[in-house]
Amino acid sequence: MSNQALKQVKSRFESTRIKAIGAAVSLVAISAMPVAAASPAAPASGLPQCGSRPEILKQLSSRFKEAPVALGLAKNGSVVEVLTSDDGETWTIMVSQPNGPSCLVAAGEGWEELKRVGAKGERGA
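Residue numbers (the working numbering): 5 to 129.
These are computed hints drawn from the structure, not numbers from a lab.
It is possible that part of the hints are untrue.
Label pairs and their calculated CB-CB ranges [said to hold, decoys possible]:
hint: 1; residue 1: Leu-118; residue 2: Ala-71; range: 34 to 44 Å
hint: 2; residue 1: Gly-122; residue 2: Lys-69; range: 31 to 41 Å
hint: 3; residue 1: Val-121; residue 2: Ser-66; range: 28 to 38 Å
hint: 4; residue 1: Gly-55; residue 2: Lys-119; range: 14 to 24 Å
Yeah, the Cβ is synthetic: ideal placement off N, Cα and C, and Gly gets one too.
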């Protein structure tokens, strides 16, 4: 296989992988919203699962040095935010309801920022 063909295969693989990751994150956020909003239990990090946005942002900043890096408006009017630490060591996804609570829906380690490449909507390393 030529180098050009290998690059095309790698590019398609990366594009598919990125789309799959994005879909998985979206599914986690969407499927966890009702659970997070209804559940008063705190996650393993000790942070409240739901509360006021300013308080949650303050706690994520002080405990994990996380700050918002991306956000989007969902069709139901809620705001989905991704927060990460500067070094990408930790990340959190939070959903804020209009005139309601903000809830943590996912958190983890090893966030990697990807730069936009190619056609609209395609992303890659």
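Evaluation of the provided hints:
1. Leu-118 x Ala-71: 34 to 44 Å: violated, 18 Å
2. Gly-122 x Lys-69: 31 to 41 Å: holds, 32 Å
3. Val-121 x Ser-66: 28 to 38 Å: holds, 35 Å
4. Gly-55 x Lys-119: 14 to 24 Å: violated, 33 Å
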